[in-house]
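Residue numbers (the working numbering), protein chains in the order written: chain A, 516 to 995; chain B, 121 to 345.
Think of the hints as simulated: they come from the structure by calculation, not from any bench. Bear in mind that the values here come from a model prediction, so they are computed numbers and not experimental data. It is possible that some hints are incorrect.
Below, simulated SDA-like cross-link-like pairs (lysine to any residue); rule was C-alpha separation at most 20 Å, straight line [claimed, not checked]:
| hint | chain 1 | residue 1 | chain 2 | residue 2 |
| --- | --- | --- | --- | --- |
| 1 | B | Lys300 | A | Ser962 |
| 2 | B | Lys281 | A | Glu924 |
| 3 | B | Lys281 | A | Asp925 |
| 4 | B | Lys281 | A | Lys552 |
| 5 | A | Lys993 | A | Gly825 |
| 6 | B | Lys300 | A | Leu928 |
| 7 | B | Lys300 | A | Ile959 |
| 8 | B | Lys300 | A | Gly979 |
| 9 | A | Lys751 | B | Pro335 |
| 10 | B | Lys300 | A | Asp925 |
| 11 | A | Lys963 | B | Lys334 |
| 12 | B | Lys300 | A | Leu931 |
| 13 | A | Lys980 | B | Lys281 |
| 14 | B | Lys334 | A | Asp925 |
| 15 | B | Lys300 | A | Glu927 |
| 16 | B | Lys334 | A | Val822 |
| 17 | B | Lys303 | A | Asp925 |
| 18 | B | Lys334 | A | Glu927 |
| 19 | B | Lys300 | A | Glu924 |
| 20 | B | Lys281 | A | Leu928 |
| 21 | A | Lys552 | A | His655 |
| 22 | B | Lys300 | A | Asn961 |
| 23 | A | Lys980 | B | Lys300 |
| 24 | B | Lys334 | A | Ser985 |
| 25 | B | Lys281 | A | Glu927 |
| 26 | A | Lys963 | B | Ala331 |
| 27 | A | Lys980 | B | Asp330 |
| 28 | A | Lys980 | B | Leu302 |
| 29 | B | Lys334 | A | Ala926 |
| 30 | A | Lys980 | B | Pro335 |
| 31 | B | Lys303 | A | Leu928 |
| 32 | A | Lys963 | B | Arg301 |
| 33 | A | Lys980 | B | Arg262 |
| 34 | A | Lys615 | B | Lys281 |
| 35 | B | Lys300 | A | Lys732 |
| 36 | A | Lys980 | B | Lys334 |
| 37 | B | Lys300 | A | Gly758 |
| 38 | A | Lys732 | A | Trp705 |
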Amino acid sequence: MKYAMLAAALALSSVAFGLDGQIGIHDPSTIVLCNGKFYTYGTGGSSLVSDDGWTWRAGTRLPRTGLAPDVIHLGDRYYVYVAANIGAQPKAAINLISSKTLDPASPDFKWEEGGVVASSDGIEESNAIDPGVFLDPNDHRLWLVYGSYFGYIRLVELDPKTGKRLHPNDQPRNLAINCEASDMIYHDGWYYLLATHGSCCAGAASGYNIRVGRARKVTGPFLDNSGVDMMLGGGKLFLGSSGRDIGPGHFGLLDLGQGVQKFSLHYEADLDRGGASVLDIRPLLWRDGWPVAGENLKEGAYEIESVRTGTALELAVEGMPVGGRPGRGGRGGGRGMFAGTGAVIPPQDVAQVSTSWPAGNIDPRLANYLSQAQQKWAITAVADAGGYPGSPYFKIAIAGTDRTLAVTEDAELVVLPAFTGAPEQLWRFDELADGTWRIMPKAIPNSKSELALSAVGSSFATLGKFDPASEKQRWLLKTP
Amino acid sequence: MKVRKHYVPALAMLGCSALLAIAAGDTQAPPTTLTSPTTPEKAPGADGFIQRWLLLEPIGANGLIDSAVQAIVRKEYFPDQFTVVPHDGDKVSVGDAQLVWHAVETKNYNINLFHFARTLGKPTSNVLFWAVTIVNAPQEVRGVRLAIGSNAASVWWVNGKQVIGIYGDRQTVIDDGVSKRLKLNKGQNIVRAAIVNGGGATDFCARFLDADDKPLVKGFTVQVK
Chain A
516 MKYAMLAAAL ALSSVAFGLD GQIGIHDPST IVLCNGKFYT YGTGGSSLVS DDGWTWRAGT
576 RLPRTGLAPD VIHLGDRYYV YVAANIGAQP KAAINLISSK TLDPASPDFK WEEGGVVASS
636 DGIEESNAID PGVFLDPNDH RLWLVYGSYF GYIRLVELDP KTGKRLHPND QPRNLAINCE
696 ASDMIYHDGW YYLLATHGSC CAGAASGYNI RVGRARKVTG PFLDNSGVDM MLGGGKLFLG
756 SSGRDIGPGH FGLLDLGQGV QKFSLHYEAD LDRGGASVLD IRPLLWRDGW PVAGENLKEG
816 AYEIESVRTG TALELAVEGM PVGGRPGRGG RGGGRGMFAG TGAVIPPQDV AQVSTSWPAG
876 NIDPRLANYL SQAQQKWAIT AVADAGGYPG SPYFKIAIAG TDRTLAVTED AELVVLPAFT
936 GAPEQLWRFD ELADGTWRIM PKAIPNSKSE LALSAVGSSF ATLGKFDPAS EKQRWLLKTP
Chain B
121 MKVRKHYVPA LAMLGCSALL AIAAGDTQAP PTTLTSPTTP EKAPGADGFI QRWLLLEPIG
181 ANGLIDSAVQ AIVRKEYFPD QFTVVPHDGD KVSVGDAQLV WHAVETKNYN INLFHFARTL
241 GKPTSNVLFW AVTIVNAPQE VRGVRLAIGS NAASVWWVNG KQVIGIYGDR QTVIDDGVSK
301 RLKLNKGQNI VRAAIVNGGG ATDFCARFLD ADDKPLVKGF TVQVK
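For reference, chain A alone in the conformation it holds in the complex:
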């Protein structure tokens, strides 16, 4: 496990997590769910599967392999589009295969060939690789974008009943130039064309970066934030290299419902994995009408603040003002009420103030944040406890202690004196479109309900059904 090597030493520092398990892949397809498992397919026949979206393993190769497949689930079938050069580039074709299931253990696992849906003859200004399939949620028309650096990113229409090409004699539409690995999504009245600029396949020297333009129609024109048409090389940066992850490319939308969106991608080189090309899943945020690449939660000490109430989660103990209680006339000791002490007041020592805290279970509550010890939560990943798309489960404990936030049998919150690793002590953090966080327990004792941390009152937090339209279940994670 990647993080296990680092977690102990960096308990309260910022540690970004890559996915766990076997995640080597190049040009991953959109991730799809099939019978509770996550699947993605990459160039050269690679395939990854996961039970939870966090820990991955090698999957079954497709019967047709090639370049940068994409997959979509329509009706009772999974349609996979696989490209291959059929001679020297840019002569290529995109083939369709389909199956009722992606699970090789199922008796329905049987692939059928669907034929060529797009091609390039090696002369025209197109390279028919890197398919991206898109179902328009407005009219349920099915589209395929494809292309690479030989010419244009192109658009053709598919038949949503069969996955095959509609109107095969119609000329494809050109949408963009000088990019590859394109995909299209729809959000709030706009169509977004995401495509990768820069060079691939050069390890840590790869310049891959994901760019985006938007249009009111699926056929474009797709303009970037400066108004430059992607047909002229435009494209707003969505995600470039950062940290130790070099060359992000091949955007794929993973919509988990209820407004929780993530995206899949690969990095050309993960420096923590020897520069290998690996899969990642990250939150998809929206700001001013543009998609923004969020980051999965990093370990650290946080104030957990309710968006709804502005109050912070704390252990329900009597707080001690940082620096001690002010005496008569304030803390200045003759310096005046507002003069302070004249010296730096150090952070509150939890070991000192916690001596008066009860030993057993304590309720949490919400209160105005005052930088006190009972308001600072250490959020740390838990090894070998599973996860969810993009992240492992986390432990939430008062920083400097083992007092752990947990869920009771009646779906209320409690802070236990010590962490035992039980599922009701494990927490999932999903960054929402506005950058706030949904926080959910892995399990509720004797219940199958999926509930989220919820600020019902200004001073009270509980678990409630997640409502995307409400601020009750939205939380800010602030540096304390």
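Fit chain B to the known structure of chain A by using the hints.
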């Protein structure tokens, strides 16, 4: 900066029925938002607030932090203080003082304790108020929450069990303190509160929230005797 209001000098020691008399008849009397109930039962207001309570005249008390408030409310001031369901006009002895329970009603969302005490010529700062009401539920209701706001600290019990405690010098905010999920029994349920004020304005509000955290606006009535 919070500007403390100053205690209005005592007017006179008044009996329970005088609350209305002053409010209605004496042009010199300070304004009040409280009246005496005129019907046996009352449904909650449009937003679910409980508008009818029995209030005990204030008891001197000092301290708003958690431990101080807990010590204040757990001290025994009069017999059966955690179980008694008083009647309008009942008297209890607290130290050398004889204090009276008053049935009050408001058309607002909150019970203004400052109005209550000032009208009676009682202190409003550094005081403890006891409040009791009877919630009649024709059917058992599960999964509800008591949701309150208070100025300042307060502790709340439903059917004898403490369900909320909020502390510190605070203002009344609707649904500030909220209980865990609880059950309203079929028939009578007793809601009891102890509100501790430091200085200035003092009031409280209370309602129930349903399983979806929406105000419970029907399915129960409120009664004081």
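Results of checking the hints against the structure:
1. B:Lys300 with A:Ser962: 17 Å, holds
2. B:Lys281 with A:Glu924: Roughly 19 Å between the alpha carbons, so the hint for Lys281 of chain B and Glu924 of chain A holds.
3. B:Lys281 with A:Asp925: 17 Å, holds
4. B:Lys281 with A:Lys552: 46 Å, violated
5. A:Lys993 with A:Gly825: 12 Å, holds
6. B:Lys300 with A:Leu928: Holds - the C-alpha atoms of Leu928 of chain A and Lys300 of chain B are around 9 Å apart, at most 20 Å.
7. B:Lys300 with A:Ile959: Distance of about 16 Å is within 20 Å: holds.
8. B:Lys300 with A:Gly979: 12 Å, holds
9. A:Lys751 with B:Pro335: 46 Å, violated
10. B:Lys300 with A:Asp925: Answer holds: Lys300 of chain B to Asp925 of chain A is near 9 Å, not above 20 Å.
11. A:Lys963 with B:Lys334: The given pair, whose Cα atoms are some 23 Å apart, is violated under the 20 Å limit.
12. B:Lys300 with A:Leu931: 17 Å, holds
13. A:Lys980 with B:Lys281: Judged against 20 Å, a Cα distance of about 26 Å means the pair is violated.
14. B:Lys334 with A:Asp925: Holds - the C-alpha atoms of Asp925 of chain A and Lys334 of chain B are around 19 Å apart, at most 20 Å.
15. B:Lys300 with A:Glu927: Given pair Lys300 of chain B, Glu927 of chain A holds - Cα atoms ~7 Å apart, limit 20 Å.
16. B:Lys334 with A:Val822: 19 Å, holds
17. B:Lys303 with A:Asp925: The hint holds at about 12 Å.
18. B:Lys334 with A:Glu927: Holds: Lys334 of chain B and Glu927 of chain A sit about 18 Å apart, inside 20 Å.
19. B:Lys300 with A:Glu924: Between Lys300 of chain B and Glu924 of chain A the Cα gap is close to 12 Å, so the pair holds against 20 Å.
20. B:Lys281 with A:Leu928: Distance ~18 Å between Lys281 of chain B and Leu928 of chain A Cα, so the pair holds.
21. A:Lys552 with A:His655: 25 Å, violated
22. B:Lys300 with A:Asn961: 18 Å, holds
23. A:Lys980 with B:Lys300: Judged against 20 Å, a Cα distance of about 15 Å means the pair holds.
24. B:Lys334 with A:Ser985: 13 Å, holds
25. B:Lys281 with A:Glu927: 17 Å, holds
26. A:Lys963 with B:Ala331: Status holds; Cα separation ~17 Å.
27. A:Lys980 with B:Asp330: Satisfied, since the Cα-Cα distance of roughly 13 Å is no more than 20 Å.
28. A:Lys980 with B:Leu302: OK: Lys980 of chain A and Leu302 of chain B at ~18 Å, within 20 Å.
29. B:Lys334 with A:Ala926: The hint holds at about 18 Å.
30. A:Lys980 with B:Pro335: It holds: about 17 Å lies between the C-alpha atoms, which stays within 20 Å.
31. B:Lys303 with A:Leu928: Distance ~18 Å between Lys303 of chain B and Leu928 of chain A Cα, so the pair holds.
32. A:Lys963 with B:Arg301: Holds: Lys963 of chain A and Arg301 of chain B sit about 18 Å apart, inside 20 Å.
33. A:Lys980 with B:Arg262: 17 Å, holds
34. A:Lys615 with B:Lys281: Between Lys615 of chain A and Lys281 of chain B the Cα gap is close to 57 Å, so the pair fails against 20 Å, i.e. violated.
35. B:Lys300 with A:Lys732: Not satisfied, since the Cα-Cα distance of roughly 50 Å exceeds 20 Å.
36. A:Lys980 with B:Lys334: Holds, at roughly 13 Å.
37. B:Lys300 with A:Gly758: Status violated; Cα separation ~43 Å.
38. A:Lys732 with A:Trp705: Holds, at about 7 Å.
Hint check: violations occur at hints 4, 9, 11, 13, 21, 34, 35, 37; the rest are consistent with the structure.
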